[in-house]
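J.: Listed here are the chains, written in short residue letters.
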Amino acid sequence: YATFKSFIDNTYIRVSLPAVCFVWQIAMVVLFGVFIRYDEESDEKGWNEFKKSHNITSNIENDFYFRYPSFQDVHVMIFVGFGFLMTFLKRYSFGGVGFNFLIAAFGLQWALLMQGWFHALDPVTGKITIGIESLINADFCCAGSLIAYGALLGKVSPVQLMVVTLFGVTLFAVEEYIILDLFHCRDAGGAMVIHTFGGYYGLAISWVLYRPNLNLSKRLNGSVYHSDLFAMIGALFLWMFWPSFNSAITNHGAGQHRTVINTYLALASCVLTTFAISSMSQKKGKLDMVHIQNASLAAGVAMGTAAELMITPYGSIIVGFCCGIISTFGYLYVTPFLEKKLKLQDTCGIHNLHAVPGMLGGFVGAIVAATATEEIYGKEGLIETFDLTGKFENRTMSTQGGYQAAGTCVAIAFGLVGGVCVGFILRFPIWGDPADDFCFDDEAYWELPEDEETIPPVLEYNNHMVNKHHDTHESQFSLEES
Amino acid sequence: YATFKSFIDNTYIRVSLPAVCFVWQIAMVVLFGVFIRYDEESDEKGWNEFKKSHNITSNIENDFYFRYPSFQDVHVMIFVGFGFLMTFLKRYSFGGVGFNFLIAAFGLQWALLMQGWFHALDPVTGKITIGIESLINADFCCAGSLIAYGALLGKVSPVQLMVVTLFGVTLFAVEEYIILDLFHCRDAGGAMVIHTFGGYYGLAISWVLYRPNLNLSKRLNGSVYHSDLFAMIGALFLWMFWPSFNSAITNHGAGQHRTVINTYLALASCVLTTFAISSMSQKKGKLDMVHIQNASLAAGVAMGTAAELMITPYGSIIVGFCCGIISTFGYLYVTPFLEKKLKLQDTCGIHNLHAVPGMLGGFVGAIVAATATEEIYGKEGLIETFDLTGKFENRTMSTQGGYQAAGTCVAIAFGLVGGVCVGFILRFPIWGDPADDFCFDDEAYWELPEDEETIPPVLEYNNHMVNKHHDTHESQFSLEES
Amino acid sequence: YATFKSFIDNTYIRVSLPAVCFVWQIAMVVLFGVFIRYDEESDEKGWNEFKKSHNITSNIENDFYFRYPSFQDVHVMIFVGFGFLMTFLKRYSFGGVGFNFLIAAFGLQWALLMQGWFHALDPVTGKITIGIESLINADFCCAGSLIAYGALLGKVSPVQLMVVTLFGVTLFAVEEYIILDLFHCRDAGGAMVIHTFGGYYGLAISWVLYRPNLNLSKRLNGSVYHSDLFAMIGALFLWMFWPSFNSAITNHGAGQHRTVINTYLALASCVLTTFAISSMSQKKGKLDMVHIQNASLAAGVAMGTAAELMITPYGSIIVGFCCGIISTFGYLYVTPFLEKKLKLQDTCGIHNLHAVPGMLGGFVGAIVAATATEEIYGKEGLIETFDLTGKFENRTMSTQGGYQAAGTCVAIAFGLVGGVCVGFILRFPIWGDPADDFCFDDEAYWELPEDEETIPPVLEYNNHMVNKHHDTHESQFSLEES
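Chains as they are written, first to last, in the numbering used here: chain C, 710 to 1191; chain H, 710 to 1191; chain E, 710 to 1191.
Watch out, some of these pointers could steer you wrong.
Stated by the list, open to error - Below, in silico cross-link-like pairs of lysine-lysine (DSS-like), each with a Cα-Cα straight-line distance of 27 angstroms or less:
id	chain 1	residue 1	chain 2	residue 2
1	E	K1049	E	K992
2	C	K1088	E	K836
3	E	K760	C	K761
4	H	K1049	H	K927
5	E	K761	C	K761
What the hints assert, rightly or not - Far from chain E, by Cβ distances over 10 angstroms, these chain C residues were calculated:
id	residue
6	N719
7	Y721
8	R723
9	V732
10	E758
11	D831
12	D890
13	I1035
14	F1046
15	L1051
16	N1103
17	T1105
18	F1133
What the hints assert, rightly or not - Here's a subset of chain C near chain E, in silico, CB distances under 8 angstroms, partners left out:
id	residue
19	Y774
20	F775
21	W948
22	A963
23	S978
24	S988
25	M989
If you're looking for bench data, these hints aren't it; they were derived computationally from the structure.
Quantities reported herein were computed from a predicted structural model and do not represent experimental measurements.
Don't be surprised by glycine CBs; every beta carbon is placed ideally from N, CA and C.
Pulled out of the complex, with its shape left as it was, chain C reads as follows (with noise of 0.2 angstroms):
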C-alpha cells in the first residue's frame, strides 16, 4: 500500500498550495487594511506629537533604537538559525529551510493581527498600532509554529504546514494573553509562551500523525556530511544572538544589559557539559554533531524567564550547567524512547531542545521570582521589573512564584491539547503529505538540480570536444548538442 501510494503521487500541491497563499495573503491585506496603523513613535505626525507632549528632545528616545539592534538578531535567529538548522537532512535542506521561509513569512503577518487583538486593540478607534516592539513580538509568535516543524520535519507538505502555523498562532495568540496578562506572568524570552508551547504543539501533532512504515524512508533520515555544516550555521547563529531573544522586549536599561549578561554566560556553560555528555555516549568518546548543534542551545531555552531577572551570574552557569546534561540525555535516550514506546517521531528532538528546557525554564523562572526581594531589586526595581502596578500593585513575590508555574502549567495544556485537535485536522486526506518512502526527501516538492556527479570535468569535456572536432569533421552545430 504504501508503495503505491506514492504512484497516486498525492504530493500534488499544485492547486492547494498556492491557493492557501494566495487567499490567505488576500485576507492579510484586507485585515491590515481594516486594524493595522502606525503607532505614535513610527508614524510621522504622532512622533512629532509624542516628542512635544512627552517634552523628548532628541529622537534616540525613540524605541526604535533602544530594540533594533535586538530585533535584526531575532530576525536572523528566525529566518536563518531556524531555518539553517533544519538543513541537516542529506536530502530535505531545500525544505528545511524553504518552508521555515514561507510559514515565518506568513506566521509573522498573522501574529501582528492575533497579538494586536489581544494585546493592542484601541478601544476608541478599534485600531491596532505597530511599532518595533510589534514586530519583535510577531518573529516571537512565527517561532513556536517553527518549533512544531523541527518535529514534522520531513512528514509533511507545505499545505499542512501553513494550517500548523495557521493554528499555531491562533492559540499562541491566546495561551500568551493568559500567561502573560491575565495571570501578569514575566517571559521575556518565552520559555514557557514560546518553547513549551511550541514543543508540546509539535510533538502532539506528530503523536496523532504517526507513521508506522517510516522506516521506509530511513535510507535519508540522516545528514551527510555538508548538511550538518550547513545546519551548524544555523545553530551558531541561534546561540550567539540567543542573548537578544531573550533580551529584546525587556526593560529598557538594566533589564536589557542584565538579560544579555545571564544568557551568555548560560549557554557558555550548557556548551562544555553537551560535549561532556556527548563524548562520554560513544564507545571511544566520539562526538555527536546532533547533540552539538542542539543540546548547547538548551541553556537559551531554559533562561527565557528568569534571564531578566536578578538570577546572579552563577545562577545562570548552574542552569546552563544542567540543561547541556539534560538535553544530551534526552538525544541519546528519551527521543529513542519516545518512538518506540510512545510512537511520537520527533525528527530534530525538539522535545529535548525546546519542550523539556522550556518547561524547565518555566519552573526556575517561577523559583527566582518567588525569591526576589526588594534587597535585591530596590523598592522601585522590583515594581519595574514584575510590573507591579493598577491592580497588580499589591501582589506579594510568592504569589507571582506561584503564578509564573501555572502559566508553565498553562502553555504546556495549551500545546498538547492544542496539537492533538490540529494534528486530527492535518489527517484529512487531502493536504498533499508524501507517503511512508517519500519522506524526508525534497523530491517530493522542489524541482531539483541534477547531481554533482554529474559535471563532466572541464578539461577532459573540452579535450573530448576538440578531439571530436578533429576527428569527425563535425559542424559547429553538432558541437553544440553534445
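Since the structure of chain C is already known, use the hints to place chains H and E on it.
T.: The following block gives chains H and E in isolation, referenced to the frame of chain C:
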C-alpha cells in the same frame, strides 16, 4: 572557432589584474590623501567642538549610534548577501563570492570619492568629510555595480568587472546627483538610483556582450544541491536585512522606524505570492529554488522609495503581493523571452529582481509622494520627510510626485546608455574574458582544489599503507613519499 | 612506527574530555559564585541608584546601548568567523567549527575571571563586577587562543585545545595587564594583546609539537570546493565585522565612529593588493582561495592599535595596502620556509594573518601615538584618547609611542615563552592527540555520517521497490525491511 579560442587561453590575467588593482589602489591612496578627511562627528577635535557648539551633553547623539547597526546590516548584504546569492552556479561559486568581494572593496573607495565630490565637497577647504552615513552611501553605490555583475556572472573576467565598477560608480554618482540634488527626490533605499540604474546598466552591458555560442557552457549553467543552499544564505541575509537597507539613511526617529515596518511587511507578503506562482508554474506543483532565492526579495527593491513615506502597512503588503507575482512571472517567461528574442543573456535574472521592481518602486514612490498631505504627515512632518526647505519650500506634492517619476526615467536612461557604452569598451579583446566554452567555470580564474571524490577512505588508505609496509619492508621514508 | 601508532588508538578521549569539561565547568560555577556580580549598569538596584547619582534621565545612557551592536558583531566573529574560517580542510570541518565552539565557550568564562581579577576586582568587596564591556573583553581574550588553534588545526585533540585555552587566557590576562595597565598603552582592537600574542603563542606551541611525519596525512591537508565556500563564510564575517571588533571598546562618540571608518578603509584597500599579489604569483594569473580568505583580513589586524587614533583615512588605506602585500607574500613564501627550515607547521598560516600583521600594527600604533599633537586632537581630545589622567597626566607623546612599541615586544615575548612552555606540557602522552597519519581527519573525534555518494537515487530506489513488490508478491512488512 569557439573551441580553439580556449587554447589561445585568453583568460591570462597575470598582468592585467595585478596592474589594475595596484594602479587603481595607488590612485585611491593619492586621492584620499588629497581629498578625504574625518567629518565633525568622527574627528576627535571636531566632535568636542560640535558638542559644545550644539549644546550636546551626551555622546549618544553622535550620528554613529543612529546609523551603525543599519550600516553593519547593509555591509553584510553587500558582501555576504550579494556574494552568496551569486554562488548558486555549480562551478562558479568562487567567482560569485570572490569577484563580488573584489569589486565591492574597490567600488566603495571610489564611491567615497565620487559621491564626496558631488555631495560633500567643502567649497572653502576643498576637502570631502566622511562619517558613518558616507560609508553607508558608499556601500549603496557599490550595490549598483554588484547588481550589474548579476547579469554578467560567469561570462566576464575580473578585470572587466573592475571596469564595470569604475564606470558604474561614476555613473551612479552623476545620476544620484541629478535625482537627489537637482530633482530633489526622496529615494532612501534606492529603488531608482540603485536598483533601476544597476539593473538596466547590467542588462545593457550584457546585451552588448551577447554570446551566440554560450550554450557551449550550458552544462555548467545550473546549480547543484549544495550550491543552491549557499545561495540561500545570501538570499536570506538580503531578505532579513532589507529593512536596514531601506532605513539606513532615512530620517532619525519615526522615519527609520516606519521604513523598517513597511519593508518588513512587504517582504513577508512577497514570499507568499512567490511560493504560490512558483508552485503553480510546475506540473506537479513543485517549487523552484531560483524563484524562492530571488523573487521573494523583489518587494525590498520595490519599497526602496516608498518605505520611508506614509504608505501605510496594508499599502506595503499590497506592493509585496504584486512584486512576488511580477518577479516570479519574470523568471518564468520574461528572462527566456529576453534571451531568445532580444539576445540578452541575464545569468541571475536581474531584470526580474532589480530592473523591473526598481522601476515599479520608483513609480510607487511617485504616487505616494504625490498623494501626501499635511493631514497625514502634519505640517512639520511633511517638510521634514520631503526636506522642503530652501528653494524647495514651496514645492507642491504633485510636483514632487512628478519629479519622482522623472527621476525613475533618469535612472533608466543612465543605466541603458551607460551600459551600452561600457559594454562596447568591454568588447576590446584585451580583458581576458573566457571563451564561450569556458564560461561559468571557476577553472578559468581560480586555482581549484582537487575534486571531493578523490579523498581516499581513511581506513582503506591506512590498511593499504600497512599492507604495503608489511609486504615490501619499505623504510618509513618511502612511506612518506607514497 | 607512525602507522602502528594509529592502531594503539590514542585518540580515545572518552574519559579525559568529559573529565576536563566537567571539572573545569564546576570550577567556573564555584568561582563565579564567589567572585562575579552584575555591575552598576546591569544590576536592577544599582542602575536606579546610578541614574540618580549621575543625574541621568534616560536609559539610553546605559553603556549597553553604546556597546551592544558591536558586541554581537564580535560574538559572530568569534564563533562563526573564526569557526568557519577553519572549516576549509576537506575532512576537518567538524573539528574546525566544533572545537572552536568548545574552547571559546570555555575561554570566555575563564576570561571573565582572569580579566576581572586583574582589572575589575573591587578592593573593598572582593568582587568582580561585569557588564557588556566585560563580555566584549572576554570574547577578545578567547580570540588569542582561537588564533593559536589556527596553527594547531588538525593536529591536536580537543583536550589539548582546552589546555591551550586555559593557559592562553591566563597568559593573555597577564600580558594585557602589563601592556594596558602598567605601560598604559592604547590597544582597542588588540593588535598587540590579541593578535601578536595569539599568533606567536600558537606558533611556539606548534614548533614544540613538530611532527616530522605529518605528510602521512598529506592527502587530507587541503580543501575541496565546498569546504572553501564554508571557509569563505567565516572569512567574510570576520572581514565585515572587523570595524566592530576594533571599535567595540573604544571611547564613546567620535572614538568609536573614527575607528570604524579607519578599519573599513584599511580592509577595503587590503583586498585589492591581496588579489593583485595572489594573481601575480601563479603562472596564468589564477587566484588562490587561501590568500583571499586570509590575507584580505590582515589589515583589520594591523589597524588594531591605530584605528582609534587620528591616523587619517589615507593613512588607513596605506596600512591596508601594505598588509595585503605582506600577508600574501607570507602565504606564498614564508609559511613554506618556516615549515622546511624552522620545522614549524602552521596549518592556517596564522604567522601571516595574525603574528606579523599584529606586530606591524603594534608599531604602526606606536608611530601614530608618538606623532599625536594637541593641534590634531585638541587638548581635551588628546587627554581623552590616551587617557592621560592621574599618574600619566604628564606623559609626553613620544614616551607614549615608546611604551606602545615596548608593549608589542611584551606581547611577542609572552607568546613565544608561554607557547614553548605550553607546548612541552602538551607533549605528555596523555592527551589523546592523533597519530601522524590520522591528522586533519574528523574521523578521530567525531561520529561521521555516511558518505554522500551512498544516497540511492530516489526513483531507482522506488522502481526497485515496486519491481520487487510486483515480482515477488512480498508483503508490506518485508518491504519495510529492505
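J.: Taking the hints in turn, state whether each one holds.
T.: Here is how each hint holds up against the structure:
no. : hint             : result
1   : E:K1049 x E:K992 : holds, 23 angstroms
2   : C:K1088 x E:K836 : holds, 24 angstroms
3   : E:K760 x C:K761  : holds, 24 angstroms
4   : H:K1049 x H:K927 : holds, 15 angstroms
5   : E:K761 x C:K761  : holds, 24 angstroms
6   : N719             : holds, 14 angstroms
7   : Y721             : holds, 16 angstroms
8   : R723             : holds, 20 angstroms
9   : V732             : holds, 32 angstroms
10  : E758             : holds, 19 angstroms
11  : D831             : holds, 26 angstroms
12  : D890             : holds, 23 angstroms
13  : I1035            : holds, 15 angstroms
14  : F1046            : holds, 20 angstroms
15  : L1051            : holds, 20 angstroms
16  : N1103            : holds, 20 angstroms
17  : T1105            : holds, 18 angstroms
18  : F1133            : holds, 25 angstroms
19  : Y774             : holds, 7 angstroms
20  : F775             : holds, 7 angstroms
21  : W948             : holds, 7 angstroms
22  : A963             : holds, 4 angstroms
23  : S978             : holds, 6 angstroms
24  : S988             : holds, 5 angstroms
25  : M989             : holds, 5 angstroms
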